[in-house]
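Asks: With these hints in hand, go ahead and build the complete structure from the sequences.
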Amino acid sequence: MDPNKVLWSVIGTNMGVYLMWQYAINSYKQFGDSHWLNIMGKHFISSPEAMHNGRYHTLLTSAFSHKSLEHLGLNMLVLYSIGQGVIEAIGASRFLILYAGAGITASLVGVGYRKYIRPLLEKEKYGRSKDPRLMGGSMGASGSVMAITSFFACAYPRATFLVFFIVPMPAIAVVGLFAAYDIYQASTLEGGIVDSAAHIGGVAYGAGYWFLRVRPMLRAGRWRV
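For the sequence shown, position 158 matches number 158 in this note's numbering, and the numbering has no gaps at all.
Hints were generated in silico from the structure; no laboratory data involved.
Cβ coordinates follow ideal geometry from the N, Cα and C atoms, glycine included.
Incorrect hints may appear among the rest.
[Stated by the list, open to error] Think about it this way: if two alpha-carbon atoms lie no more than 25 Å apart in a straight line, the pair counts; the simulated SDA-like pairs of lysine to any residue are:
1. K123 <-> G112
2. K42 <-> F31
3. K5 <-> G101
4. K42 <-> N53
5. K42 <-> H71
[Claimed, not checked] Between beta-carbon pairs, the in silico distance windows are:
6. K125 <-> K29: 30 to 38 Å
7. A173 <-> K123: 33 to 41 Å
8. L212 <-> I183: 15 to 23 Å
9. A159 <-> S27: 15 to 23 Å
10. L121 <-> S27: 17 to 25 Å
11. L74 <-> N38: 26 to 34 Å
12. N26 <-> Y56: 23 to 31 Å
13. F165 <-> S27: 32 to 40 Å
14. S93 <-> K125: 42 to 50 Å
15. H57 <-> S34: 20 to 28 Å
16. G127 <-> L19: 42 to 50 Å
17. E122 <-> K42: 21 to 29 Å
18. P168 <-> H57: 34 to 42 Å
Replies: Following this line, the structure appears as C-alpha cells:
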C-alpha cells in the first residue's frame, strides 16, 4: 500500500465523518429533523450506554468522529505531521493496525473510566455519582493520535517537538508531560469535556506497540526503523 495514500485515506475518512455530523446538525437546526443526528449519536460516539445496548462498533467508529472543526483540525495536523514518519518506519498496514487498535483501546479505557472509576471519584468528591449510562460519550481521533505520537517518541526519543509550535522539547519529554497532565485531569475530574482517560489509553497502546511488538523485532534484526 502507498504510505501517502493510506495517511490521506485516514485523514479523508475523518473529514468525511465530520461532514456527516455537519449535515446532521444543520438538518436539525434548519428543519427540526433529528433523524440523522440520532443516527450519528448512536453510531459514532462511544459510551457506557452504547456498550450496554450492544453498539460495540462505536469503539472504532468514534475514533474517526469529530463535531467541531477545531477538534478535527488539531488532530489531523498532528496526525499528518507525525504519521508520515511512523508509516515510513513500520509500513502502511501496521500503521492502520496502530491507528485502529489504539482507537479501540482508547475508547475502551474511556468507557471503563466513565463506568467504573469516575463514579467512585465523584462519590468521594461530591458525595454522590451519576448513573454511568447517563454520562456523555466520547469521540475523536485523539486516542489514536496520542498512540502514534507516543510510538514515535519511543522510537525517536531525542526527536524535537515544538510545544504549541514554539517551545522545542525532546519528543519523549513532551509525551510524558501530556500523559502526566491527562492522568491529573482524569484523577481530579478537572478534564471537562476532554476524555483524558482515552488519551491515557492511547499513549499506553502506542508505547506498548513499540516495546512489545516493534522493539523485540528490531533487536532480533528482523526490522529496521
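Asks: Lying within 34 to 42 Å: is that true of the beta-carbon distance P168 to H57?
Replies: The hint (34 to 42 Å, Cβ to Cβ) holds, given that P168 and H57 are roughly 41 Å apart.
Asks: Please check whether A159 and S27 have a Cβ separation lying inside 15 to 23 Å.
Replies: violated, 44 Å
Asks: Are the Cα positions of K5 and G101 separated by 25 Å at most?
Replies: holds, 20 Å
Asks: Please test the hint of 15 to 23 Å on the beta carbon pair from L212 and I183.
Replies: holds, 21 Å
Asks: If you check the beta carbons of H57 and S34, does the distance land in 20 to 28 Å?
Replies: holds, 21 Å
Asks: Could one say that the CB atoms of K125 and K29 fall in the range 30 to 38 Å?
Replies: holds, 36 Å
Asks: Taking the CB of L74 and the CB of N38, does the distance hold inside 26 to 34 Å?
Replies: holds, 27 Å
Asks: Confirm or reject the claim that A173 and K123 have a C-beta distance inside 33 to 41 Å.
Replies: Since the Cβ atoms of A173 and K123 sit about 35 Å apart, the hinted range of 33 to 41 Å holds.
Asks: Taking the beta carbons of S93 and K125, is their distance inside 42 to 50 Å?
Replies: Once the Cβ atoms are compared, 44 Å apart, the range 42 to 50 Å for K125 and S93 holds.
Asks: Within 32 to 40 Å: is that where the Cβ-Cβ distance between F165 and S27 falls?
Replies: holds, 36 Å
Asks: With a cut-off of 25 Å on the C-alpha distance, tell me whether K42 and H71 pass.
Replies: Cα-Cα ~20 Å, so holds.
Asks: Within a Cα-Cα threshold of 25 Å, do K123 and G112 meet the stated pairing?
Replies: Given pair K123, G112 holds - Cα atoms ~16 Å apart, limit 25 Å.
Checked against the numbered hints listed earlier, the structure breaks hints 9 and 10; every other hint is satisfied.
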